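Peer 1: Spelled out from the first residue to the last, the chains are:
There are 2 protein chains.
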Amino acid sequence: MNPRIPAKALQLRSLVRRSGELEISLAEVDVPEPAADEVLVRIEATPINPSDLGLLFGAADMSSAKVTGSAERPVVTAPVPEKFMKGMAGRLDESMPVGNEGAGVVVKAGSAPAAQALLGKTVAIIGGAMYAQYRCIKAEQCLRLPDDATPAEGASCFVNPLTALGMVETMKREGHSALVHTAAASNLGQMLNRICIQDKVALVNIVRKKDQADLLKAQGAKFVCSTDSPNFMAELTDALAASGATIAFDAIGGGKLAGQILTGMEAALNRNAKEYSRYGSTTHKQVYLYGMLDTAPTEFARSFGMAWGMGGWLLFPFLQKIGPAAAQKLRERVAAELKTTFASHYSDEVSLAGALQASAMAAYGKRATGVKYLINPNKGVAA
Amino acid sequence: MNPRIPAKALQLRSLVRRSGELEISLAEVDVPEPAADEVLVRIEATPINPSDLGLLFGAADMSSAKVTGSAERPVVTAPVPEKFMKGMAGRLDESMPVGNEGAGVVVKAGSAPAAQALLGKTVAIIGGAMYAQYRCIKAEQCLRLPDDATPAEGASCFVNPLTALGMVETMKREGHSALVHTAAASNLGQMLNRICIQDKVALVNIVRKKDQADLLKAQGAKFVCSTDSPNFMAELTDALAASGATIAFDAIGGGKLAGQILTGMEAALNRNAKEYSRYGSTTHKQVYLYGMLDTAPTEFARSFGMAWGMGGWLLFPFLQKIGPAAAQKLRERVAAELKTTFASHYSDEVSLAGALQASAMAAYGKRATGVKYLINPNKGVAA
Chain A
1 MNPRIPAKAL QLRSLVRRSG ELEISLAEVD VPEPAADEVL VRIEATPINP
51 SDLGLLFGAA DMSSAKVTGS AERPVVTAPV PEKFMKGMAG RLDESMPVGN
101 EGAGVVVKAG SAPAAQALLG KTVAIIGGAM YAQYRCIKAE QCLRLPDDAT
151 PAEGASCFVN PLTALGMVET MKREGHSALV HTAAASNLGQ MLNRICIQDK
201 VALVNIVRKK DQADLLKAQG AKFVCSTDSP NFMAELTDAL AASGATIAFD
251 AIGGGKLAGQ ILTGMEAALN RNAKEYSRYG STTHKQVYLY GMLDTAPTEF
301 ARSFGMAWGM GGWLLFPFLQ KIGPAAAQKL RERVAAELKT TFASHYSDEV
351 SLAGALQASA MAAYGKRATG VKYLINPNKG VAA
Chain B
1 MNPRIPAKAL QLRSLVRRSG ELEISLAEVD VPEPAADEVL VRIEATPINP
51 SDLGLLFGAA DMSSAKVTGS AERPVVTAPV PEKFMKGMAG RLDESMPVGN
101 EGAGVVVKAG SAPAAQALLG KTVAIIGGAM YAQYRCIKAE QCLRLPDDAT
151 PAEGASCFVN PLTALGMVET MKREGHSALV HTAAASNLGQ MLNRICIQDK
201 VALVNIVRKK DQADLLKAQG AKFVCSTDSP NFMAELTDAL AASGATIAFD
251 AIGGGKLAGQ ILTGMEAALN RNAKEYSRYG STTHKQVYLY GMLDTAPTEF
301 ARSFGMAWGM GGWLLFPFLQ KIGPAAAQKL RERVAAELKT TFASHYSDEV
351 SLAGALQASA MAAYGKRATG VKYLINPNKG VAA
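As given, the protein sequences belong to chains A and B, one line each in that order.
Positions 1 to 383 (our numbering) are the ones given, in order, by the first sequence.
Positions 1 to 383 (our numbering) are the ones given, in order, by the second sequence.
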């Protein structure tokens with residue numbers, strides 16, 4: 001056995017007790033032995049995405065969180081409000097590993113040639129339980145990174161890149177020619193902006209603040225609207241009319257923004273209407289809510305005719321729908337453009353224990369643009 | 001020329017002036033001469049459907065309406081609140097005829113054989129401008145009624161019957177096996193209940209009051225939930241679990257009901273879930289908003305996973321989507337079951353002038369279950 005691989009290693013766990021308490025801790029678990037078609041990856045970079053926070057924090061009130069234990073083995077506890085316990089029914093009293101995606105070095109491989117071929121290579125992987133020092137996974141699920149790529153560069157290979165590509169793909173498949181994106185200054189939003197510039201697809205970026213608008217404009221974005229502008233609706237309608245966007249991907253979810261986008265699309269379409277229809281434009285307008293940055297209720301005034309839809313959008317059902325061949329094409333594009341189109345930027349790099357410090361949780365828990373944490377579960381551990 | 005056909009006749013008109021005033025009046029218009037492929041129908045029955053009120057009243061504040069003019073030629077005026085004038089832009093200063101559907105007797109026909117064949121027959125027609133004493137229309141657009149059917153029996157042949165059939169058809173085409181309907185004690189709701197009983201499709205009826213629930217149960221409805229019950233959500237979830245309904249048609253539009261239906265569907269699906277998924281059930285849940293009985297904003301809490309959709313649903317785009325052959329099949333079923341499945345009931349029958357009396361407008365303007373007006377534009381006129 002490779003002397004550098006320990007028998008036991010750390011894995012982050014999230015547990016919601018029936019009593020209404022969330023507990024996040026670092027468990028010491030056996031490092032698994034890869035089967036013939038598997039590899040053991042020493043995880044060196046795994047991002048904290050908004051899509052990880054649901055499982056990590058559950059429905060707990062993190063403003064009341066307490067951190068106990070030692071600096072190396074912190075234990076986070078927080079109360080789950082009674083009204084949210086119903087939604088936790090499926091995970092009660094089950095200690096769950098967390099972390100959608102990550103990257104690292106293959107330190108051990110099963111006997112199969114495909115597994116052996118990856119030994120010593122840097123790979124990106126997806127499949128949960130990435131907030132851990134080691135992750136055993138099937139060789140075929142690994143995306144081998146270019147030789148000059150670091151684990152940090154490949155850590156966010158799947159969720160953001162495939163989501164951004166999936167939006168453009170959904171736009172095309174559903175018969176639209178331009179799209180809208182909210183929370184557009186996020187890592188994902190900047191990535192989508194780069195894709196759209198490259199693919200010559202018109203993109204209407206919606207951000208909250210002027211400095212976010214400036215950032216996107218500096219990156220070549222043509223249409224950027226900021227909700228903090230007093231003329232937001234007029235500016236949005238102009239951008240929608242100029243771009244022809246009739247589909248939107250909204251990361252916010254709560255509040256009035258999704259409805260405002262539909263209202264703006266309808267107003268843009270009616271600028272060129274020749275005849276009055278009390279049912280509004282016959283062009284279908286769609287908003288997909290793919291995130292929940294605002295957990296408040298969604299509210300809209302239905303001032304956009306009858307040809308409209310709103311709905312959930314999620315990466316994995318989308319990939320299933322388009323099938324393995326189409327999904328593989330998207331993955332290959334990500335690997336080929338890893339350091340350009342699909343580059344991610346992190347504001348902080350922490351260890352597993354560091355991710356459970358109160359200040360860190362407060363920072364990434366805000367889901368704020370510009371704050372993005374990368375965990376290196378082997379930070380400070382000699383490789 | 002047939003001496004019984006006058007040279008001029010009455011037609012109801014709705015006008016929204018740029019100054020912000022609605023005016024409804026009876027215009028005296030030339031009775032048209034049918035072209036070769038057209039017929040002239042003496043309208044004897046035309047319903048006031050919720051779908052007519054949008055064009056009739058515009059966005060006016062009808063609580064401030066005034067009726068002037070004579071009893072035979074009333075003129076209704078009402079102010080349009082400034083904030084709604086934007087939505088009226090397409091119809092400003094244009095005097096518009098009203099009335100989606102109606103029935104009457106063909107009193108004159110063009111030279112084409114298809115037109116001549118209808119002379120003297122009772123027909124149902126759709127196409128707007130039915131709130132008039134005479135309507136000229138293409139012969140091919142007429143649905144000839146059975147010989148023993150009166151115009152009143154055929155007046156609501158299209159909108160409600162095809163909408164109800166369209167809901168069941170949409171349910172099947174989108175892969176669902178049971179459906180939910182709100183405002184279920186309406187004429188349309190009772191019709192849908194009869195269709196579902198006949199076609200053995202499980203239907204969850206949502207009503208506002210116990211007496212409406214009793215009415216539907218007396219008509220054989222199996223699942224009826226009333227929003228005035230203190231256990232509404234639990235009762236709805238039980239009905240959704242028992243029926244397996246994953247698509248809903250909502251006539252209300254505003255408020256929380258559409259979201260509650262999705263929440264209930266998700267809870268019903270999760271009763272049998274084997275594994276926890278933080279993204280919720282993978283079964284797609286859909287609510288179509290086809291009406292606006294409540295014009296308040298729509299609000300929902302997104303407590304139903306990611307596999308959901310909400311959207312507008314409208315009869316005519318639906319008929320276009322399924323194509324003429326499938327639409328014709330639906331129409332033939334309506335004609336065949338006119339006096340049974342598709343029978344409509346009216347609380348009041350009025351003349352054109354009677355429809356513009358303050359008490360009448362207050363009654364049908366409420367869109368209340370059990371109140372349904374039928375206009376006979378030739379009421380009291382010798383045939």
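One thing to keep in mind: the hints can contain errors.
The list that follows gives simulated cross-link-like pairs (lysine to any residue, SDA-like), each with its CA atoms no further than 25 Å apart [unchecked claim]:
hint : chain 1 : residue 1 : chain 2 : residue 2
1    : B       : Lys222    : B       : Val107
2    : A       : Lys366    : B       : Lys222
3    : B       : Lys366    : A       : Ala301
From the derived model, a few chain B residues whose C-beta atoms are all more than 12 Å from chain A [unchecked claim]:
hint : residue
4    : Ser51
5    : Arg73
6    : Ala301
7    : Gly309
If you are wondering where the hints come from, they were derived from the structure by calculation, not from laboratory data.
This one's a predicted model, so the numbers in the text were calculated from it and none came from an experiment.
Every residue gets a Cβ at the ideal spot worked out from N, C-alpha and C, and that includes glycine.
Peer 1: Would you list, in rising numerical order, the hints stated earlier that this structure does not obey?
Peer 2: 1, 2, 4, 6, 7
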